[in-house]
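*Asks:* One letter stands for each residue in the lines below.
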Amino acid sequence: MAELRLAGVNKWYDGKVHILKGIDLDIADGEFMVLVGPSGCGKSTLLRCIAGLEEVTEGDLYIDGRRVNKLRPKDRDCAMVFQSYALYPHMTVRANMGFSLSVAGVKKAEIRTRVDAAAQKLGLSELLARLPKQLSGGQRQRVAMGRAIVRSPKVFLFDEPLSNLDAALRAQMRVELKKLHAELGATMVYVTHDQVEAMTLADRIAVLEGGVLQQVGSPDDLYNRPANRFVASFIGSPRMNFFDGEFRADPVPGVSGPGFELALPESYAALDIPSRVLVGVRPHDLRPTGNGAGAVIGNLSVVEPLGFDVLLHGEVGGETLVAQVEARNAKGLAAGKRVVFQVERDAIHLFDPLNGRALRPEEA
Amino acid sequence: MGRPSLLKAILLNLALMGFCAAVLYPVLWVIKMALTPSQAFALSASPFPETVSWLNFQEIVGQTSPAGEWLFGHWLFNSVVTALATTVLGVALATPAAYAFSRFVFPGRKLGMNLFLVTQMFPGVVMAIPLYILLNHLQLLNSMLGLTLVYATTAIPFCVWMLKGYFDTIPKDLEEAAVMDGAGSLRIFLTIILPLARPAIVVTALFSFMTAWNEFILAATFLGRETAFTLPVALQRYVGDYSTAWGYFAAGAILVSLPVMALFFLLQRHLVGGLTAGGVKG
Amino acid sequence: MLRRGLLVLLAVALTVATTSVALAAPLTLWHAYRGEEREALDQLAEAWNHAHPDAPLTLLALPYEAYATKLASAIPNGNGPDLFIFAHERVGEWSRSGLIAETEFADVAARRFLSVTLDALRFEGKTYGWPLAFKSLALFVHPELLPQTTCPETAAAGSVEDCTPEPIIPATTDALLKLCRRSQADKRFALAYESGSFYHHAPWLFGFGGGVFDAEGRVDLDTPENARSLAFAAKLVEEGCVPEESTGSLVTQLFNERRAVLAINGPWFLGELDPTQTVRVAPLPSVSETGRPATPFMTVEAVFLSAYAANPEDARRVAEFLALGEGARRRALTGRQAVADRTVADLIVAANDDPLLSGFIKMGKQAVPMPNDPRMRAVWEPAAQALRQVLRGSATPEEALKLAQTRLKVLTRPRPQTQDPQPYLIALAVVLGILLLIGGIVAIRRSVFSAAWRSKTAYLYLIPTLIGMGLLVFVPFIVGTAVAFFAHRQGEFTFVGFTNFINILSSRDYSLDDPLSFYFTLGVTVLWTAVNVFLHVSVGLGLALLLRDPWMRLRGLYRVLLIVPWAVPNYITALIWKGLFNKQFGAVNGLIVWLGATLGLDIQPVSWFSHFWTSFAANVATNTWLGFPFMMVVTLGALQAIPRELEEAAEVDGAGPFTRFFHITLPLLRPALLPAVILGSVWTFNMFNIIYLVSGGEPDGASEILITEAYRWAFTRQEQYGYAAAYATLIFVVLLMYSRLTRRVVGGQEV
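Those protein sequence lines, which keep their order, are chains A, B and C.
Letter 70 of the first sequence, counting from 1, is numbered 70 in this note's numbering, and no numbers are missing.
Letter 219 of the second sequence, counting from 1, is numbered 219 in this note's numbering, and no numbers are missing.
Letter 249 of the third sequence, counting from 1, is numbered 249 in this note's numbering, and no numbers are missing.
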């Protein structure tokens with residue numbers, strides 16, 4: 001059990017490529033922290049820096065208050081689950097799980113009991129004598145997990161551990177992971193590019209882009225109060241719609257642009273907002289009916305029924321638009337139709353078009 | 001790509017058999033000469049012996065020294081020991097070196113790999129006498145150790161190249177996982193990399209073995225006692241300046257190649273897998 | 001300091017005398033005898049040891065191939081034998097390089113040897129070694145195949161027993177030519193001998209009044225007498241007297257199968273004769289044009305005393321014991337040697353228990369000792385080339401000899417001017433210094449040292465190998481390369497700076513298109529490498545593609561069979577291939593002619609080694625045979641790693657087999673094949689055995705590659721080690737450039 005602190009962490013490759021730029025991050029003891037971002041954003045590198053597989057070029061890394069920059073991986077007491085699982089092909093499941101303990105010089109009998117216990121927990125007891133190649137994808141994933149659990153490390157590190165599984169299995173493993181976290185109460189750092197995983201698993205999410213930490217917060221924070229355009233578009237599926245628009249404070253705050261005219265909450269009036277803004281609306285905040293404080297007029301091109309919901313694709317003033325509405329509210333909507341969508345005031349996000357920063361009144 | 005038609009299969013097999021026959025023709029000659037009691041080099045078209053006699057083999061195997069030592073036994077022993085020692089030493093030195101080249105980025109890495117290739121370019125002509133002097137100064141002439149060292153250094157560059165190619169294909173994840181499991185570099189090398197590279201190691205071992213097993217010029221130059229000779233040295237004595245005792249020489253050549261063939265046969269599964277099995281990346 | 005270091009290294013390398021001074025050390029004697037000769041020697045050693053337990057004698061039989069090198073390296077380093085047995089032709093060299101000690105014969109002892117054998121051991125007024133036996137060519141005869149004398153009809157019935165018909169052995173060349181016509185009718189060759197070897201031609205050379213040295217002792221091949229002898233040799237072949245392209249093995253075979261009535265060969269032939277046949281040994285015929293007997297070279301085998309012998313007194317006693325009296329008798333009786341002990345030789349002839357041996361002893365009177373002048377060792381190659389040019393009709397005797405003479409001049413040219421090594425050493429030191437300085441600066445700039453420190457683990461893995469390689473590969477290489485800056489003549493090295501390199505690179509000795517020029521040979525070598533590697537890869541790849549298909553039931557069997565060429569020592573298979581390419585008797589021509597006949601074409605047998613391209617092709621065929629298994633195995637391995645789906649996907653996409661191969665399979669194989677190809681081309685570039693054993697450089701040195709040229713300079717052209725080392729260094733440079741080039745072509749990709 002441990003807390004983790006990163007202070008001003010920078011990482012350069014070969015002194016040329018600046019891959020992590022001044023990361024400050026505190027992870028509390030027992031917290032499930034998800035690092036998310038598009039590929040190449042540096043999230044895996046950050047994880048590997050924590051693990052000690054990569055060296056931090058600048059800045060400090062603390063585990064349990066102890067600076068570990070110069071510590072070798074094995075002295076940091078972190079366990080890592082790899083995307084490829086990295087099971088030793090020539091060792092049985094039991095040997096794979098027990099390897100770290102035998103390296104640490106733990107007695108054979110104890111290794112046995114601890115491996116058995118972990119296997120029990122993960123439902124691997126029947127498979128202990130097998131070789132990795134005799135296992136299914138899901139089973140391998142469990143072994144990889146078991147290998148980490150056996151050690152009862154201070155910190156668990158996961159590097160996209162579910163990305164090689166099919167959708168159903170992934171969903172199932174997600175739940176199991178969450179249970180596991182609850183059970184172990186250990187600090188976990190989890191890297192993924194899948195925002196669904198991030199949202200479902202995380203206590204807090206850290207969004208990375210271009211080596212810069214964009215926002216750290218609870219899933220709710222990130223979803224409802226994205227700090228910038230990038231976070232807004234990255235979190236949430238389907239992704240947020242963006243339109244160029246003009247802001248006016250008088251007589252009531254509102255934004256308008258080709259094909260839309262929306263009112264904003266009063267609190268916006270007090271803000272210093274540039275006249276040109278980027279307007280963000282999440283797809284499910286667009287309602288084909290009801291009384292919104294403004295309208296977006298879209299022309300539909302494709303209608304995708306999802307069962308409970310329907311995805312409506314179209315355009316507004318030349319920009320693409322995606323709306324997610326309940327099927328019962330979407331009757332009669334078809335490609336080629338013109339639809340007037342209502343949007344709640346509170347559901348509108350404004351961003352500075354120059355730096356992408358969110359423009360939002362302070363919380364009360 | 002399913003199974004081809006029967007006709008095509010038959011034709012292909014016939015062609016391959018023909019090819020094998022052509023390939024084996026010169027080898028049959030060696031067998032013929034070995035089984036013919038005469039020491040002449042017969043040049044008839046038929047590669048099959050007219051008479052079969054084991055005299056040549058008896059002569060080779062049955063040699064004794066004036067002191068009554070069974071020479072063939074000594075030679076065989078020396079050859080086996082030298083070849084095995086070369087194999088062990090060659091592989092023992094080449095695997096860590098190849099591992100370093102494959103896994104570490106360090107100043108001099110490229111240069112090092114090139115140097116290894118470059119050693120294959122030294123024409124042997126210029127090496128024999130300097131090597132002799134060197135071994136003499138090291139007091140290693142006349143010893144299997146000296147010979148083993150020379151053979152091993154001859155075989156290492158090939159081994160390093162082949163092993164590096166194979167190591168390159170072992171996923172790095174495995175090592176990182178082991179690092180996370182707390183294993184040190186040496187333990188990773190010994191418990192993860194080596195077991196995984198077994199096919200490649202088998203191949204390089206075989207290659208080292210052959211290097212030592214067939215060589216005679218250096219062995220003859222360095223060794224000064226009859227009981228210290230290796231098989232090829234003893235065998236080469238049937239080749240004279242004016243003429244060659246072909247029967248004995250052929251019989252000896254067969255005796256020398258049999259173990260190598262046996263090894264090839266036993267290891268052929270590994271051989272195919274190991275030479276570069278992994279050489280293909282992705 | 002540097003200068004001294006280098007000189008010391010060289011001195012150590014080449015001449016240092018670290019005499020071991022162990023007094024009671026047992027005597028050692030090295031030899032390359034085998035069979036009966038060795039048995040005789042073993043018996044003698046036993047006898048000696050029985051009688052002299054205080055000075056025991058140990059024998060060591062060595063392979064001939066490595067014998068001379070071993071002597072040259074072992075003796076000056078104090079590891080040599082006290083005594084060694086060798087032919088006399090290197091006496092000059094060894095005397096100059098101080099390897100052997102002079103023999104001071106008591107008059108009595110000297111008179112017990114045939115004087116001609118002592119002459120052979122004399123060099124610059126001194127005698128070296130004790131002559132043991134002499135060897136020369138003689139005429140082997142199948143008596144029953146010759147016309148027989150008829151008993152005079154007038155003889156009384158009672159005296160029939162006095163008159164057994166005797167075979168008429170041709171005593172002159174005219175008689176020989178007459179025999180040719182007779183034998184041709186019986187589909188036999190009158191005579192078989194290695195017509196392309198200068199040693200075997202020498203009897204005709206001297207018989208026609210020619211020779212190698214002129215009256216003033218200069219080497220002179222270009223004489224009318226020599227030309228006549230060449231014309232005669234050509235005539236023998238043309239008229240079908242003598243088989244074409246005879247090799248030693250062919251001579252043996254033809255004679256044993258009674259397809260040749262006569263054979264010219266030496267005593268070593270005795271061991272190869274079919275024991276069921278009665279054979280005689282007779283003197284060589286005399287040349288009808290001159291009336292002189294055909295005079296072969298005589299090789300005197302002698303036991304030499306090493307100049308470094310620990311116990312020369314006892315060694316002398318052993319030598320005398322072996323050479324004279326009982327020693328000679330045993331060697332004659334058991335070893336069947338034509339011994340140099342006059343008394344024993346006479347006794348053997350008188351007793352005539354061994355008529356064949358007696359024949360050889362008598363032949364000794366007709367032979368001349370091979371010159372032990374070091375220059376003689378340069379004669380063989382050009383002389384043989386001239387001989388073979390004439391035999392295959394590509395030059396007249398006069399032209400061929402003229403060319404041989406110019407080539408000989410190159411080979412025996414005087415040593416280049418000695419230079420002062422000091423400027424070179426200073427330059428070397430400066431260059432090294434600058435390189436170190438630049439390297440150091442660059443290293444510091446790029447913070448190489450800290451990077452190196454950080455990757456110290458990597459170095460730990462490398463250290464054992466680096467030490468081993470550094471010591472056993474790089475040090476000898478540096479010494480070897482240093483030799484390239486010296487000229488070597490008769491055991492003496494002198495510093496000549498870049499002269500060797502300049503001479504080679506400026507092609508000073510040969511015009512550019514001469515087969516012996518560096519550039520011609522380089523061109524051949526590059527072609528040789530390219531063709532071979534291409535064939536290795538394509539044959540190996542083709543077979544691998546066939547053998548990976550799972551429906552191929554016998555693929556395990558094929559795989560094992562096809563690997564066999566790799567496993568058999570190539571020395572022996574290369575010689576078999578040479579036999580297969582023989583013009584008259586080789587299986588390859590047999591097949592070609594048979595195919596031609598079947599197709600109704602009139603195809604003449606190909607004289608494989610008479611033309612560059614065919615000779616080259618023969619070498620390539622042999623080397624392909626040897627080399628494809630390696631590539632096949634590499635490819636099989638690589639193919640296993642290619643997922644079948646890729647090819648299947650391409651097939652679904654409608655790609656034909658060729659497109660699939662060239663666009664899918666081959667590019668995927670590339671990374672695996674590339675290292676194998678690079679290593680393979682380096683090995684092929686230096687593939688000595690095949691060229692040396694199969695074509696031997698024929699025709700006229702044209703199919704020689706750089707490594708065989710280097711070898712010839714080092715070992716058959718007056719031991720010009722310096723020049724050879726320069727060749728070797730250039731080989732190295734060429735290969736280095738090649739590897740750089742491939743890296744560029746491959747483009748960044750790591751190989």
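There may be inaccurate statements among the hints.
To be verified - Straight-line Cα separation of at most 30 Å, DSBU-like style, residue types lysine-lysine; simulated pairs: (1) Lys154/A x Lys21/A; (2) Lys402/C x Lys70/A; (3) Lys133/A x Lys179/A; (4) Lys32/B x Lys74/A; (5) Lys32/B x Lys16/A; (6) Lys32/B x Lys187/C; (7) Lys32/B x Lys21/A; (8) Lys32/B x Lys70/A; (9) Lys172/B x Lys133/A; (10) Lys456/C x Lys21/A; (11) Lys110/B x Lys108/A; (12) Lys154/A x Lys108/A; (13) Lys70/A x Lys110/B; (14) Lys365/C x Lys178/C; (15) Lys121/A x Lys32/B; (16) Lys32/B x Lys456/C; (17) Lys456/C x Lys16/A; (18) Lys456/C x Lys172/B; (19) Lys235/C x Lys402/C; (20) Lys178/A x Lys172/B; (21) Lys456/C x Lys178/C; (22) Lys172/B x Lys154/A; (23) Lys108/A x Lys172/B.
Claimed, not checked - Derived contacts from chain C toward chain B, CB cut-off under 8 Å, selection only: (24) Glu39; (25) Ala66; (26) Asp174; (27) Ala175; (28) Val431; (29) Val448.
Stated by the list, open to error - Here are the in silico distance ranges between beta carbons for each label pair: (30) Arg218/C x Val61/B: 28 to 34 Å; (31) Lys456/C x Asp220/A: 22 to 28 Å; (32) Gln139/B x Ala452/C: 55 to 61 Å; (33) Ala15/B x Ile642/C: 21 to 27 Å; (34) Arg743/C x Asp220/A: 21 to 27 Å; (35) Val430/C x Gly105/A: 45 to 51 Å; (36) Lys456/C x Leu190/B: 47 to 53 Å.
Keep in mind the hints are simulated off the structure, nothing from the lab.
For glycine and all other residues, C-beta sits at the position ideal for the given N, C-alpha and C.
*Asks:* Does each hint hold? Answer for all of them.
*Replies:* Do the hints match the structure? See the list:
For the hint linking Lys154/A to Lys21/A, the alpha-carbon distance of about 26 Å falls within 30 Å, and the restraint holds. This hinted pair does not check out: Lys402/C and Lys70/A have alpha carbons roughly 80 Å apart, beyond 30 Å. The straight-line distance between the Cα atoms of Lys133/A and Lys179/A is roughly 27 Å, inside the 30 Å bound, and the hint therefore holds. With a C-alpha separation of about 65 Å, the suggested pairing of Lys32/B with Lys74/A is violated against the 30 Å cut-off.
For the proposed pair Lys32/B and Lys16/A, the alpha carbon gap of about 68 Å is over 30 Å, so the pair is violated. Between Lys32/B and Lys187/C the alpha-carbon distance is near 27 Å, which keeps this suggested pair within the 30 Å criterion. Proximity of Lys32/B to Lys21/A is assessed by CA-CA distance (about 77 Å); at most 30 Å being required, the pair is judged violated. As the CA atoms of Lys32/B and Lys70/A are separated by approximately 70 Å, the hinted pair breaks the 30 Å bound.
At roughly 18 Å between alpha-carbon atoms, Lys172/B and Lys133/A fall within 30 Å of each other, so this suggested pair holds. For the proposed pair Lys456/C and Lys21/A, the alpha carbon gap of about 29 Å is at most 30 Å, so the pair holds. About 43 Å separates the Cα atoms of Lys110/B and Lys108/A, which puts this hinted pair outside 30 Å; it is violated. Under the criterion of a C-alpha separation no larger than 30 Å, the hint pairing Lys154/A with Lys108/A is consistent with the structure, at around 22 Å.
Proposed proximity of Lys70/A and Lys110/B is supported: the alpha carbons are some 28 Å apart, at most 30 Å. A C-alpha spacing of about 26 Å is found between Lys365/C and Lys178/C, which places the hinted pair at or below 30 Å, so the restraint holds. The suggested pairing of Lys121/A with Lys32/B is violated, with an alpha-carbon distance near 70 Å, which exceeds 30 Å. A hinted pair counts as satisfied when its Cα atoms are at most 30 Å apart, and Lys32/B with Lys456/C does not qualify at roughly 57 Å.
Of the pairs offered as hints, the one joining Lys456/C and Lys16/A holds, with about 23 Å between alpha carbons and a cut-off of 30 Å not exceeded. For the hint linking Lys456/C to Lys172/B, the alpha-carbon distance of about 19 Å falls within 30 Å, and the restraint holds. At most 30 Å may separate the alpha-carbon atoms for a hinted pair to count; Lys235/C and Lys402/C meet this at roughly 20 Å. With a C-alpha separation of about 29 Å, the suggested pair Lys178/A and Lys172/B falls inside the 30 Å cut-off, and the hint holds.
Only pairs whose Cα atoms come within 30 Å are accepted, and Lys456/C paired with Lys178/C is rejected, the gap being roughly 84 Å. Annotation: proposed proximity of Lys172/B to Lys154/A holds, straight-line Cα distance about 24 Å (limit 30 Å). A distance of roughly 28 Å separates the Cα atoms of Lys108/A and Lys172/B; the hinted pair therefore holds under the 30 Å criterion. At a threshold of 8 Å, the smallest CB-CB gap from Glu39/C to chain B is about 11 Å, leaving the interface hint violated.
Taking 8 Å as the C-beta contact cut-off toward chain B, the hint placing Ala66/C at the interface holds, the least distance being around 4 Å. Annotation: interface hint on Asp174/C violated; nearest CB of chain B at approximately 29 Å, more than 8 Å. Annotation: Ala175/C was flagged as interfacial toward chain B, and the flag is violated, the nearest CB pair being 27 Å apart, outside 8 Å. Violation of the interface hint for Val431/C is found here, the shortest Cβ-Cβ separation to chain B being roughly 18 Å, above the 8 Å cut-off.
Because the closest C-beta pair between Val448/C and chain B is about 4 Å apart, less than 8 Å, the hint holds. At roughly 53 Å, the beta carbons of Arg218/C and Val61/B sit outside the given window of 28 to 34 Å. Our hint of 22 to 28 Å for Lys456/C and Asp220/A is violated, since their Cβ atoms are close to 50 Å apart. A C-beta distance of roughly 34 Å is found between Gln139/B and Ala452/C, which places it outside the suggested range of 55 to 61 Å.
In this structure the supplied range 21 to 27 Å holds for Ala15/B paired with Ile642/C, their Cβ-Cβ distance being about 24 Å. Distance hint check for Arg743/C and Asp220/A: the Cβ-Cβ separation is about 56 Å, which falls outside the suggested range of 21 to 27 Å. The beta-carbon spacing between Val430/C and Gly105/A, approximately 57 Å, falls outside the hinted interval of 45 to 51 Å. Between Lys456/C and Leu190/B the Cβ separation comes to about 19 Å, which falls outside the hinted range of 47 to 53 Å.
Hints 2, 4, 5, 7, 8, 11, 15, 16, 21, 24, 26, 27, 28, 30, 31, 32, 34, 35 and 36 from the list above are not met by this structure, while the remaining hints are.
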